[in-house]
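Dock chain C against the given chain R, drawing on the hints supplied.
First to last, the protein sequences are chains R and C. For what it's worth, this note's numbering labels the leading residue of the first sequence as 14, then goes sequentially. For what it's worth, this note's numbering labels the leading residue of the second sequence as 14, then goes sequentially.
What the hints contain is simulated information worked out from the structure, not anything from laboratory work. Each hint should be verified, as a subset may be incorrect.
Among chain R residues calculated to face chain C with C-beta under 7 Å, some are [stated by the list, open to error]:
id, residue
1, Ala19
2, Ser24
3, Thr25
4, Arg26
5, Cys27
6, Ala28
7, Ser29
8, Pro43
9, Asn49
10, Val51
11, Glu64
12, Gly67
13, Gly68
Since we're looking at a predicted model, the values are computed, not measured. Built from N, CA and C at the ideal position, the CB exists for glycine as well.
2 protein chains.
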Amino acid sequence: GGDVAAGKTKSTRCASCHGADGKISIPTYPNLAGQNEVYLSNALNAYKNGERTGGMAVVMVGYVRSLSDQDIADLAAYYASLGEK
Amino acid sequence: GGDVAAGKTKSTRCASCHGADGKISIPTYPNLAGQNEVYLSNALNAYKNGERTGGMAVVMVGYVRSLSDQDIADLAAYYASLGEK
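So that you can see chain R by itself, here it is in the shape it has in the complex (with noise of 0.2 Å):
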């Protein structure tokens, strides 16, 4: 499973367009605080395995390529963690 805290350290790459608190208001990136943990761990995945392309899907695919699947994990349980659900 995923450790919270461990994914607030890994998110600080992701923090400059998704924000520091997983919300942004830049239109077309998705907020991410309080998504469902399952859906982020399997979107990060899709993007790493190239089931996404387009729109921001080479950005995504950038970051995500280096990632473990603990610090996918980790990732899905901070952001899952902010806000409301």
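Just chain C now, with coordinates in the frame of chain R:
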């Protein structure tokens, strides 16, 4: 642009998986409430255009293939209007 009221009417087919209020406890499905409007529109178009595969994409394609550009705009406006930004 999207019309919130029209989107609400059109969202009935979405609610079984994404919740009547755009929040759902099924962990593999994303919450939609308060998500950025342009992101939601882009995501629906990505499914429609075959730019998302794997996971639940085959289900989403079934739902979105019949949506017009206006339908997508209305649904995005509706879900973006819900809940916390």
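Right, here's what the structure says about each hint:
{"no.": "1", "hint": "Ala19", "result": "violated, 20 Å"}
{"no.": "2", "hint": "Ser24", "result": "violated, 18 Å"}
{"no.": "3", "hint": "Thr25", "result": "violated, 21 Å"}
{"no.": "4", "hint": "Arg26", "result": "violated, 19 Å"}
{"no.": "5", "hint": "Cys27", "result": "violated, 15 Å"}
{"no.": "6", "hint": "Ala28", "result": "violated, 16 Å"}
{"no.": "7", "hint": "Ser29", "result": "violated, 16 Å"}
{"no.": "8", "hint": "Pro43", "result": "holds, 5 Å"}
{"no.": "9", "hint": "Asn49", "result": "holds, 5 Å"}
{"no.": "10", "hint": "Val51", "result": "holds, 4 Å"}
{"no.": "11", "hint": "Glu64", "result": "holds, 4 Å"}
{"no.": "12", "hint": "Gly67", "result": "holds, 4 Å"}
{"no.": "13", "hint": "Gly68", "result": "holds, 5 Å"}
Against the hints set out earlier in the document, violations occur for numbers 1, 2, 3, 4, 5, 6, 7.
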